[in-house]
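Novice: Residues in the sequence shown are numbered from 1 upward in steps of one, following this note's numbering.
Just so you know, these hints were derived from the structure itself, not from any lab.
It is possible that some hints are incorrect.
[As the list claims (entries may be wrong)] Across the chosen pairs, the derived CB separations fall in these ranges:
| id | residue 1 | residue 2 | range |
| --- | --- | --- | --- |
| 1 | 159 | 30 | 41 to 49 Å |
| 2 | 25 | 119 | 16 to 24 Å |
| 3 | 29 | 151 | 39 to 47 Å |
| 4 | 32 | 3 | 40 to 48 Å |
| 5 | 140 | 54 | 23 to 31 Å |
| 6 | 63 | 155 | 29 to 37 Å |
| 7 | 140 | 10 | 21 to 29 Å |
| 8 | 7 | 38 | 34 to 42 Å |
| 9 | 123 | 151 | 22 to 30 Å |
| 10 | 29 | 155 | 20 to 28 Å |
| 11 | 157 | 30 | 32 to 40 Å |
| 12 | 9 | 42 | 31 to 39 Å |
| 13 | 21 | 155 | 29 to 37 Å |
Glycine included, every Cβ here is placed at the ideal spot set by N, Cα and C.
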Amino acid sequence: MPYIFRLNFPQCRVIIDCTKFVIQKPSDPKAQQLTFNNYKNSNTVKCLIGISPSGGISFISERWTDYCSTPGYSGSADLPPTVGSGGSGGENMDWSKFPLTVINFDSPGGKFGATWLDSLYSQISSPFVLLGDFNIHHPALGSYHSSSDANLVLDWISTKYMCLLNMNSFTRYQET
Numbered sequence: 001m002p003y004i005f006r007l008n009f010p011q012c013r014v015i016i017d018c019t020k021f022v023i024q025k026p027s028d029p030k031a032q033q034l035t036f037n038n039y040k041n042s043n044t045v046k047c048l049i050g051i052s053p054s055g056g057i058s059f060i061s062e063r064w065t066d067y068c069s070t071p072g073y074s075g076s077a078d079l080p081p082t083v084g085s086g087g088s089g090g091e092n093m094d095w096s097k098f099p100l101t102v103i104n105f106d107s108p109g110g111k112f113g114a115t116w117l118d119s120l121y122s123q124i125s126s127p128f129v130l131l132g133d134f135n136i137h138h139p140a141l142g143s144y145h146s147s148s149d150a151n152l153v154l155d156w157i158s159t160k161y162m163c164l165l166n167m168n169s170f171t172r173y174q175e176t
């Protein structure tokens, strides 16, 4: 776990990541439709992976398809009853006391407005994990240039006391 993260979140027991796996094209047409990802032009499934503070994988959830009809996913039911203290193993945790909402979205154009971001935040109950692709570019995120809404999104994350994990994983949000 990065030092700055450990410094700010010393009681963290697990980092949850939404991971997408490319799978072999299913022979069933319905399964093909449910797992096809337009962005990657391949068939994929997702699952939540728990990473302990020491960097080990502590659990892998049931998988689900890219074609989700609901934008929110309550992942607390998938979390195991034991998660290691400091990543070394063994401590019991009752995860039902810690409801978690995972929101998965994608913004191909990277266009956001302050009103939209504040509206999103007001609709989410804590704690939550916001997964997806903001599709913003900024030197602070390892890019050589800055996109038009990058400062707006980074300021929003900062003023809401959120933590940003910049990864090269793609996810998708589909409104119902």
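Novice: Could you run down the list of hints and mark each one as holding or not?
Specialist: Hint check results:
Our hint of 41 to 49 Å for residue 159 and residue 30 holds, since their Cβ atoms are close to 44 Å apart. For residue 25 and residue 119, the hinted distance range of 16 to 24 Å is not satisfied, since their beta carbons lie about 38 Å from each other. Between residue 29 and residue 151 the C-beta distance comes to about 45 Å, which sits within the given range of 39 to 47 Å. For residue 32 and residue 3, the Cβ-Cβ distance of about 44 Å falls inside the hinted range of 40 to 48 Å, so the restraint holds.
For the pair residue 140 and residue 54, the beta carbons lie near 27 Å from each other, so the given range of 23 to 31 Å is met. A hinted range of 29 to 37 Å for the beta carbons of residue 63 and residue 155 is consistent with their spacing of about 35 Å. Judged by the Cβ atoms, the range 21 to 29 Å given for residue 140 and residue 10 holds: they are separated by roughly 24 Å. Checked against the hint of 34 to 42 Å, the C-beta distance between residue 7 and residue 38 comes to roughly 40 Å, which is consistent with it.
Checked against the hint of 22 to 30 Å, the pair residue 123 and residue 151 passes, with Cβ atoms roughly 23 Å apart. Residue 29 and residue 155 have their C-beta atoms about 45 Å apart, which leaves the hinted 20 to 28 Å range violated. Under the hint 32 to 40 Å, the C-beta atoms of residue 157 and residue 30, about 38 Å apart, fit the expected range. Between residue 9 and residue 42 the Cβ separation comes to about 34 Å, which falls inside the hinted range of 31 to 39 Å.
Distance hint check for residue 21 and residue 155: the Cβ-Cβ separation is about 34 Å, which falls inside the suggested range of 29 to 37 Å.
Violated hints for the displayed structure, listed by number in ascending order: 2, 10.
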